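Could you put together the complete structure from these sequences and hints?
Each chain is listed here by its residues.
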Amino acid sequence: MSAPTLMKDPAVGDRRPRDRAPHPRGGGFGKALRRNLTAHGFLIGAVLCFAFFSWYPIVREFLLAFQKTEDGRVSWVGWDNFTTVWNDPAFGQAWRNTLWFTVLALLLGFVVPFLTALVINEFRHGQGYLRLLVYLPVMLPPTASVLLFKYLYDPGYGMFNEVLGVFGVPARQWLQDPDTAMLSVVVASTWMNMGGATLIYLAALQGVPGELYEAAELDGAGLLRKVWHVTVPQTRLILLLMLLMQIIATMQVFIEPFLLTGGAGPEGSTTTVVYLIYQYAFNFNDYGAAAALGLLLLVLLAGFSAVYTKLNRADQD
Amino acid sequence: MSTRTLISPAQLARPRGKVLYWVCFALVVVLFTLAFLGPLYWMVSGGLKTTQEAVQTPPTWVPGSVHPENYRRAWEVMDLAKLLLNTLYYAFGALAFQLVLDVAAAYSLSRLRPVLGKAILGLMLATLMIPATVLVVPQYLTVLDVPIVERNLLDSPWAIWLPSVTNAFSIFLLKRFFDSIPKELLDAAAMDGAGPLRVLWSIVLPVSRPILGVVSIFAVVGVWKDFLWPMLVLPDPSRQTLAVGIYSLATSVPENVLIASLTIASLPTLLLFLVFQRNIMSGLTAGGLKG
Numbered sequence: 001m002s003a004p005t006l007m008k009d010p011a012v013g014d015r016r017p018r019d020r021a022p023h024p025r026g027g028g029f030g031k032a033l034r035r036n037l038t039a040h041g042f043l044i045g046a047v048l049c050f051a052f053f054s055w056y057p058i059v060r061e062f063l064l065a066f067q068k069t070e071d072g073r074v075s076w077v078g079w080d081n082f083t084t085v086w087n088d089p090a091f092g093q094a095w096r097n098t099l100w101f102t103v104l105a106l107l108l109g110f111v112v113p114f115l116t117a118l119v120i121n122e123f124r125h126g127q128g129y130l131r132l133l134v135y136l137p138v139m140l141p142p143t144a145s146v147l148l149f150k151y152l153y154d155p156g157y158g159m160f161n162e163v164l165g166v167f168g169v170p171a172r173q174w175l176q177d178p179d180t181a182m183l184s185v186v187v188a189s190t191w192m193n194m195g196g197a198t199l200i201y202l203a204a205l206q207g208v209p210g211e212l213y214e215a216a217e218l219d220g221a222g223l224l225r226k227v228w229h230v231t232v233p234q235t236r237l238i239l240l241l242m243l244l245m246q247i248i249a250t251m252q253v254f255i256e257p258f259l260l261t262g263g264a265g266p267e268g269s270t271t272t273v274v275y276l277i278y279q280y281a282f283n284f285n286d287y288g289a290a291a292a293l294g295l296l297l298l299v300l301l302a303g304f305s306a307v308y309t310k311l312n313r314a315d316q317d
Numbered sequence: 318m319s320t321r322t323l324i325s326p327a328q329l330a331r332p333r334g335k336v337l338y339w340v341c342f343a344l345v346v347v348l349f350t351l352a353f354l355g356p357l358y359w360m361v362s363g364g365l366k367t368t369q370e371a372v373q374t375p376p377t378w379v380p381g382s383v384h385p386e387n388y389r390r391a392w393e394v395m396d397l398a399k400l401l402l403n404t405l406y407y408a409f410g411a412l413a414f415q416l417v418l419d420v421a422a423a424y425s426l427s428r429l430r431p432v433l434g435k436a437i438l439g440l441m442l443a444t445l446m447i448p449a450t451v452l453v454v455p456q457y458l459t460v461l462d463v464p465i466v467e468r469n470l471l472d473s474p475w476a477i478w479l480p481s482v483t484n485a486f487s488i489f490l491l492k493r494f495f496d497s498i499p500k501e502l503l504d505a506a507a508m509d510g511a512g513p514l515r516v517l518w519s520i521v522l523p524v525s526r527p528i529l530g531v532v533s534i535f536a537v538v539g540v541w542k543d544f545l546w547p548m549l550v551l552p553d554p555s556r557q558t559l560a561v562g563i564y565s566l567a568t569s570v571p572e573n574v575l576i577a578s579l580t581i582a583s584l585p586t587l588l589l590f591l592v593f594q595r596n597i598m599s600g601l602t603a604g605g606l607k608g
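If you read the sequences in order, they're chains A and B. All letters in the first sequence, in the order written, are residues 1 to 317 by the numbering used here. All letters in the second sequence, in the order written, are residues 318 to 608 by the numbering used here.
Bear in mind the hints are in silico, worked out from the structure with no lab data behind them.
Computed list of lysine to aspartate or glutamate pairs in EDC-like fashion (alpha-carbon distance at most 16 Å, straight line):
id, chain 1, residue 1, chain 2, residue 2
1, B, 335, A, 122
2, A, 68, A, 286
3, B, 435, B, 496
4, A, 150, A, 177
5, A, 150, A, 162
6, A, 150, B, 572
The model shown is predicted, which means the values in this text are computed figures rather than measured ones.
Spelled out as structure tokens, the structure:
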């Protein structure tokens with residue numbers, strides 16, 4: 001699953017005139033044509049790949065949502081697929097679960113990396129080691145991490161209950177109990193993914209001018225006030241960008257519940273929207289319903305993406 | 318390091334500050350080591366236990382008897398060599414395709430600037446707005462029956478390689494780097510009569526080594542970590558990737574063998590990380606982030 005990306009606005013580079021490639025003047029039409037042919041020759045491979053495997057599927061997603069395929073015959077069915085999806089009892093549950101997952105994942109996955117970065121940034125020693133540790137899980141294949149967590153969570157022979165037992169937390173059936181199944185998925189997901197965000201926050205923290213902290217101290221600010229009135233405002237934009245990016249990524253959660261709880265989980269407590277799309281398409285062969293539900297998710301996330309892009313652009317100016 | 322952070326140097330210099338600093342430091346180091354290496358220890362040691370011990374309640378912290386042969390069993394029973402080779406084949410194929418096609422495209426968009434180039438770049442970047450998981454269904458249907466050429470790419474490595482080229486993020490990173498190469502450098506070469514390919518090969522690529530490294534690592538790791546897509550387009554067990562193969566065999570082997578196989582599957586990217594640590598981390602924070 002690819003996360004949305006943090007990026008700089010490409011238009012910025014284009015605005016600087018000194019970056020312009022030489023545009024040979026006075027070569028006439030033939031020369032311009034040749035130059036363009038060469039340039040498009042360099043482009044064509046990637047463009048074809050995009051056309052076949054990205055642009056065409058995007059268009060097709062929109063078409064599929066209004067089509068039905070039966071015995072190889074395609075017919076237009078208007079909004080039928082949307083009604084089917086809407087009336088599915090799993091629909092409400094999947095959205096509720098996805099939102100719940102997103103909220104939990106933000107509480108853990110957004111706050112924990114920021115605090116981690118704050119703490120690591122304070123140390124004068126061992127920063128390299130701590131960064132390495134935090135980023136290590138990001139490099140593991142998710143299948144390995146998730147199956148490892150399944151083993152850790154096991155109520156009988158897992159280590160999770162043992163470790164929590166040391167702190168007096170009663171043993172639980174983490175993945176089998178509908179109340180804790182989603183939380184367990186979020187914990188595993190945070191462990192697997194928090195490295196990237198932590199490193200980005202660390203980079204952002206390094207850009208906070210030290211004088212601001214000194215000024216705050218002169219005003220008698222304590223540790224928490226310094227964090228709240230200096231660190232947070234100074235890193236506000238990157239925090240916001242990462243928040244949006246995490247919303248976009250976590251709303252597409254699939255592999256963690258798919259491998260940990262078999263997708264649906266106890267009493268459907270981990271059925272997410274993307275898992276439902278997967279079920280429609282690959283278990284029930286109902287591509288129309290899958291596309292319709294996908295389109296709903298796409299519209300919602302496109303809204304977040306638009307905000308993200310806008311903020312990112314603001315970051316450049 | 319002399320950068321001023323949250324806690325003032327004066328506070329740290331006091332005896333009480335020093336003690337507090339070292340206590341916090343020790344606590345954090347221990348906590349992080351347990352949180353991040355603990356599960357990995359559990360994985361490596363679980364793979365060394367006997368089948369009974371691996372599923373025993375309560376679990377043991379240290380294996381009672383050490384059985385490294387589990388790793389050999391995992392290797393043989395799950396045919397990990399085959400899965401590993403498959404994954405390497407897909408990952409490095411995808412890398413080759415991305416390096417050739419995406420670098421050429423980024424170079425063209427950055428330096429050759431064809432008619433409609435900006436529109437094409439815009440369309441490429443727009444794909445970043447589309448949630449990848451939503452596109453899986455229409456992409457899968459496209460792979461089943463590629464339009465115009467009318468090919469079914471199911472179970473073929475092309476189903477991994479060609480879609481991997483549609484990495485708008487890599488193209489964007491490359492283009493931005495190429496944009497920053499001083500114009501004089503390229504003009505001098507053009508003056509000497511070097512064509513675009515020659516300029517790309519002997520000037521642009523050598524100075525772009527850092528960004529090529531970042532893009533390459535992301536390309537390989539991307540294929541290595543991917544799960545849903547290879548699961549869908551490579552249903553034939555003998556063609557599966559390591560991530561998918563382990564998942565599909567997970568229920569048919571004893572727990573200790575499965576855990577041993579997880580360790581084996583994790584090793585290549587972990588080694589890659591330890592070797593290219595600096596490139597990976599700097600690429601991540603300089604260029605952006607890809608999960």
